[in-house]
Each structure stands twice: as structure tokens, then as C-alpha cells.
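**Student:** Given next are the chains, with one letter for each unit.
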Amino acid sequence: MSAPVIAVTHGVVSYDGRPVLRDVSLTVDAGEVVAVLGANGSGKSTLIRAVLGLVPLNAGSIALFGTPLRRFRQWQRIGYVPQRLGAGSGVPATVREVVASGRLARRGVLRPPGRADRAAVDAALAAVGLADRAGDPVATLSGGQQQRTLIARALAGEPELLVLDEPTAGVDAASQEAFAGALHGFVDGGATVLLVAHELGPLRPLISRAVVVHHGGIAHDGAVPEPAGHHAEPDHDHVHPHGPDEPTGLWSS
Amino acid sequence: MELFQYPFMQRALIGALVIGLAAPALGIYLVQRRLALIGDGVGHVALTGVGAGLLLNRSPVLVAVVVATLGAITIELVRARGRTSGDLALALLFYGGIAGGVTLVGLSDATSANLNAYLFGSLITISPQDLTTIVVLGVVLLVTMLALRPALFAVCHDEEYARVAGLPVRTLNMLLAVGTAVTVTISMRAVGVLLISALMVVPVATAQQVTRGFRSTMAAAMALGLFAAGSGVWVAANADTAPGASVVLLAIASFLVVAIVGAGRRALRRRRTDAETPTAEPHEVVLG
Numbered sequence: 001m002s003a004p005v006i007a008v009t010h011g012v013v014s015y016d017g018r019p020v021l022r023d024v025s026l027t028v029d030a031g032e033v034v035a036v037l038g039a040n041g042s043g044k045s046t047l048i049r050a051v052l053g054l055v056p057l058n059a060g061s062i063a064l065f066g067t068p069l070r071r072f073r074q075w076q077r078i079g080y081v082p083q084r085l086g087a088g089s090g091v092p093a094t095v096r097e098v099v100a101s102g103r104l105a106r107r108g109v110l111r112p113p114g115r116a117d118r119a120a121v122d123a124a125l126a127a128v129g130l131a132d133r134a135g136d137p138v139a140t141l142s143g144g145q146q147q148r149t150l151i152a153r154a155l156a157g158e159p160e161l162l163v164l165d166e167p168t169a170g171v172d173a174a175s176q177e178a179f180a181g182a183l184h185g186f187v188d189g190g191a192t193v194l195l196v197a198h199e200l201g202p203l204r205p206l207i208s209r210a211v212v213v214h215h216g217g218i219a220h221d222g223a224v225p226e227p228a229g230h231h232a233e234p235d236h237d238h239v240h241p242h243g244p245d246e247p248t249g250l251w252s253s
Numbered sequence: 254m255e256l257f258q259y260p261f262m263q264r265a266l267i268g269a270l271v272i273g274l275a276a277p278a279l280g281i282y283l284v285q286r287r288l289a290l291i292g293d294g295v296g297h298v299a300l301t302g303v304g305a306g307l308l309l310n311r312s313p314v315l316v317a318v319v320v321a322t323l324g325a326i327t328i329e330l331v332r333a334r335g336r337t338s339g340d341l342a343l344a345l346l347f348y349g350g351i352a353g354g355v356t357l358v359g360l361s362d363a364t365s366a367n368l369n370a371y372l373f374g375s376l377i378t379i380s381p382q383d384l385t386t387i388v389v390l391g392v393v394l395l396v397t398m399l400a401l402r403p404a405l406f407a408v409c410h411d412e413e414y415a416r417v418a419g420l421p422v423r424t425l426n427m428l429l430a431v432g433t434a435v436t437v438t439i440s441m442r443a444v445g446v447l448l449i450s451a452l453m454v455v456p457v458a459t460a461q462q463v464t465r466g467f468r469s470t471m472a473a474a475m476a477l478g479l480f481a482a483g484s485g486v487w488v489a490a491n492a493d494t495a496p497g498a499s500v501v502l503l504a505i506a507s508f509l510v511v512a513i514v515g516a517g518r519r520a521l522r523r524r525r526t527d528a529e530t531p532t533a534e535p536h537e538v539v540l541g
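Protein chains in written order, with our numbering: chain A, 1 to 253; chain B, 254 to 541.
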């Protein structure tokens, strides 16, 4: 039995003395597709940010692939898909240039890209259905296509574990389907996925386990819960405001 | 053209061309990070180095490299902390830098003409030693910025992702800070501390109006920087204007030309597509 891909043991995170995660333990084994569900502010994003080492733990421990996070260096085994790009960029960048950053963990900072790198970028672009947009500036893409660019960037590194933060929030239906398809191909290869979601949509059939975070603790760990109330209605359109939004996309200012 | 037979004019031209090429190569990362004016701040700090150099009778450019590097590292540490008091700390550093520079220059034997040479640039007084410093540092900077482009692009584009990818984010950020200090100090002799950011930022701003990707923006910005530097020195020699200011004015003129031509082309294209597709949207309701 090999070590679990992710092991969080009694993890505690607080911001400015205010606890966001209290005594959370979570294990994800190889080949699992785990969805972390919960309301806004429940601590679900903090949980995965702690797993990636972006937020320090106040107590407890985290191990990735059996190695304590502090000593973990094999970052090429992990692909990270953020919810959106932070500050964005003032300088244009093509879809291919953004996706090619995904190879850096594997090839290192100094080595120029080789044939294998280019092939991996091509494959990742094809997997998310953006091969024909490779030369376009990301700022001209729709929000859903930009999100697909980010998953292609993670896939280009050929990771064993994919960590996604709300990958389908505010993404159009066509992009959600393309996204689910790309994730399907990834999971069929035996890889592990940890994703934070508000709602599962077309990703639902892929999920092997659901973890519900509530008030900084884990309220449920097991089968995917059935939607209840008005969420269960077939035409329920699950739309939440996600801060000030702009129609053109995540990169534009 | 006969002016360029004089060694001092040749040094001015070579120095300007190296800076014209190197400054946008670094500036593009600052623009991408939305820190376009950081070069200005580092320039203020560099002035203290100039003052110290003049006072101690050492090469002002080399002392300025050291002081500006320390200043840039401090700025980077404040930025990385992300403290709300960061911009106040930066203000203290900037104005402390310029006041310290003016005071130290005043204490030395240097005249106000010396101070002006660093505030506004003085290409034609570049000594052979200065030129060696500019060329060596400029080439090192250029090679670093080009060789590390994918990694620096990743860090400036999405710092969190770069951290999860295991990139040496802190080292790369420090490298950019030191690179900024080096660019500022070698550009100081050409355009002066008050105009430094222009050479790092304006060619990038011009290029990105017409380019689609990061690499093409970098190449175009470097070409524009080279053009502005070369033609600026040529104009200065023939029209007897200040070289630094001429270089910056030409860079800004290129920006305006590209902006106007671009806007004109967009308007033309819009009119053409409007003519081809008249408002064909059907009415949603028919009244009466």
C-alpha cells in the first residue's frame, strides 16, 4: 500500500487569530476524484490552499505523496488550477505562452523548451479544445475559455495530482462540457483530483467522493450528497456573484 | 554625420543603444506586474549613491549600482510582505533617496552641473570607464532577461501558480529587483534619474498596442527602444538638444503614432463591418 497522495492531519489555519479551518483531517488516495463542497466562506478554498502550501498551517501537518509539505520538492507531480488569475497582466500573452508555463515545473528554470515540452503543450491545448486559439491573446477569450487555458496549463505539466479551485464558477455550458471532457481523460489515466466546487454540474459523474466543509470543519465525507430544496430543481441555474465581474474576461482590467 | 567621428559622440551612441535595448527587456516584466513606475523610485534612491560616489571620489555609477540595488531589494521585501503600510515605506525611501543625494552632492566638490548630469542625463560626457560599465552590465542584464524569460514571465503573470510549480519565486523576484537597480543606474547617464522609467516602460506600452503575445511584445519593445535611443542621439547631435530628453520624446512620439494609426485602423474596420452587416436584428415584438 503506497502512501496517500494527500494527507491532512488535524490541520488548523487562522487568519489574524480568526480560525478558518479547525482540526481538519482529510486523506486522498491515488486514483480518487474528491470534491470539496461548501458555502462561500466555509473554508473550502483555504483547505486546498493549505494543501498546496500557499497558506501556512497553525497546527497539524500535511503530507503530499508521503512527504511532509515542508520537505516536499516534487512539484512537477502537482497541477494547480486557480479560480482565476490574480492581478492579471498589463502585457498581452498568447494562450500558448500561458499554457507553456505549465512545463516549467518539469523542465526547470534554465533549460529551454524541447520537443517533449512542445508536444505536451499541444496535447494539453487539444485536450481542452483550444488548439485553434493557441496564438490568440488570452485577454480576447471568454471567461470559460480562459478557465480552460488554466486547466491546459496544469495538464501540460503531466501531473499525477490535479488541484482545482472552483473550476466551473461562472463558466458557460460549452466550456463546462469541454472542461469535464478534459478532466475525464485525465482521470482515466489513473490520476488523482482534488477540486473545490460550488456545484458539480457536468463534473458530477466523475466524482468518487465528496467532502463537505462547514464552518471550518468537515461535516460530511463520503458519497456525493443529493441536491436539496430549490437546488434540486432540474432547471435551477446556480449563479452567484463572484465579486465585481467584467464581461470580457479574467485577464482584462 | 561628421559629429559621430568624435569619440565622445561614439561613446554616447553606443551607450544609448545598449540602454535602449536593455531597458525595455527588463521594463516589460515591471509593466506585466503593474509596477511600471518602480524604476522611478529606484532612480530616486540611486541618486544617493551618486552623491556618495562624488563625495568619496569613487565612480558615481558603481556606487549608485550598489545603493540602488539595496534600495530595490528593500522595495521588493516591502512588496512581498504586502503590508498596507507598504506605499508609505516606499514614499520614505524615494524621498529619502533624492534628499540624501542632493545633500551628499552638495557636500562634495561637485557643481550643480554634476547633479544635473545625473538628474537629466548627460550622454556626451560618458567616459570610457562609464561606457565599459554600461556595456558589461547591459549585456549581462540582457542575457539574463532573455534566458530566464519563461520563468520570469510565469512569476510576473501568476505568482501563486509559480510557487505551486516549485519555481524559486523569491530568487526570481530578487533578480528582477537587482535588474531594475542595474538598469536604472546604467540608464542614469543616458536619460537621467527623472526620465528612467520612460525608457523601461514607454517602448513596452507602444509595442503592446499591436502585439498579441509576450515574446513578440518583448522583441518589439526592444526594437523600439533601440530606435528611440539611436534616433534620439542623432537628433540631439544635429539639432543641439539634450540627448536624454530627445530619446524620451522620440519614444513617446512613437507611442502616439502607433496609438493614432491603431485607432484609425480600428475605426475604419468598424465602419466597413457596419456597412456590410446592416442592423438585421429582428424585432422581438410586432406592435399593431
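Check the hints yourself; a few may be wrong.
Quick list of the computed label-pair ranges, beta carbon to beta carbon [stated by the list, open to error]:
| id | chain 1 | residue 1 | chain 2 | residue 2 | range |
| --- | --- | --- | --- | --- | --- |
| 1 | A | 112 | B | 333 | 43 to 53 Å |
| 2 | A | 114 | B | 492 | 24 to 34 Å |
| 3 | A | 112 | B | 413 | 39 to 49 Å |
| 4 | A | 173 | B | 526 | 24 to 34 Å |
| 5 | B | 392 | A | 112 | 38 to 48 Å |
| 6 | A | 112 | B | 393 | 14 to 24 Å |
| 7 | A | 111 | B | 335 | 28 to 38 Å |
| 8 | B | 345 | A | 110 | 30 to 40 Å |
| 9 | B | 340 | A | 17 | 54 to 64 Å |
| 10 | B | 310 | A | 111 | 41 to 51 Å |
| 11 | A | 54 | B | 349 | 31 to 41 Å |
Far from chain B, some chain A residues (derived; all Cβ distances over 12 Å) [unchecked claim]:
| id | residue |
| --- | --- |
| 12 | 3 |
| 13 | 68 |
| 14 | 94 |
| 15 | 102 |
| 16 | 104 |
| 17 | 105 |
| 18 | 139 |
| 19 | 159 |
| 20 | 174 |
| 21 | 199 |
| 22 | 221 |
Hints listed in this document are in silico derivations from the structure and should not be mistaken for laboratory results.
The structure displayed is predicted, hence computed values, not measured ones.
Where a beta carbon is used, it is the ideal one built from N, C-alpha and C, also for glycine.
**Student:** Give a verdict on every hint.
**Tutor:** Hints, one by one, checked against the model:
1. A:112 with B:333: 43 to 53 Å: Given about 28 Å between the Cβ atoms, the range is violated.
2. A:114 with B:492: 24 to 34 Å: violated, 50 Å
3. A:112 with B:413: 39 to 49 Å: Given range 39 to 49 Å: violated, Cβ gap about 25 Å.
4. A:173 with B:526: 24 to 34 Å: holds, 28 Å
5. B:392 with A:112: 38 to 48 Å: violated, 19 Å
6. A:112 with B:393: 14 to 24 Å: The hinted range 14 to 24 Å holds for residue 112 of chain A and residue 393 of chain B, with Cβ atoms some 19 Å apart.
7. A:111 with B:335: 28 to 38 Å: holds, 31 Å
8. B:345 with A:110: 30 to 40 Å: holds, 37 Å
9. B:340 with A:17: 54 to 64 Å: violated, 25 Å
10. B:310 with A:111: 41 to 51 Å: Cβ of residue 310 of chain B to Cβ of residue 111 of chain A: about 45 Å, so the range 41 to 51 Å holds.
11. A:54 with B:349: 31 to 41 Å: holds, 34 Å
12. 3: For residue 3 of chain A, whose nearest Cβ neighbour in chain B is about 19 Å away, the distance exceeds 12 Å, so it holds.
13. 68: Non-interface label on residue 68 of chain A holds, nearest chain B Cβ at 15 Å vs cutoff 12 Å.
14. 94: violated, 4 Å
15. 102: Violated: least Cβ distance 8 Å, not greater than 12 Å.
16. 104: Since the minimum Cβ distance to chain B is about 5 Å, residue 104 of chain A lies within 12 Å and the statement is violated.
17. 105: violated, 4 Å
18. 139: violated, 10 Å
19. 159: violated, 10 Å
20. 174: holds, 23 Å
21. 199: About 24 Å separates residue 199 of chain A from the closest Cβ of chain B, which puts it past 12 Å; holds.
22. 221: For residue 221 of chain A, whose nearest Cβ neighbour in chain B is about 25 Å away, the distance exceeds 12 Å, so it holds.
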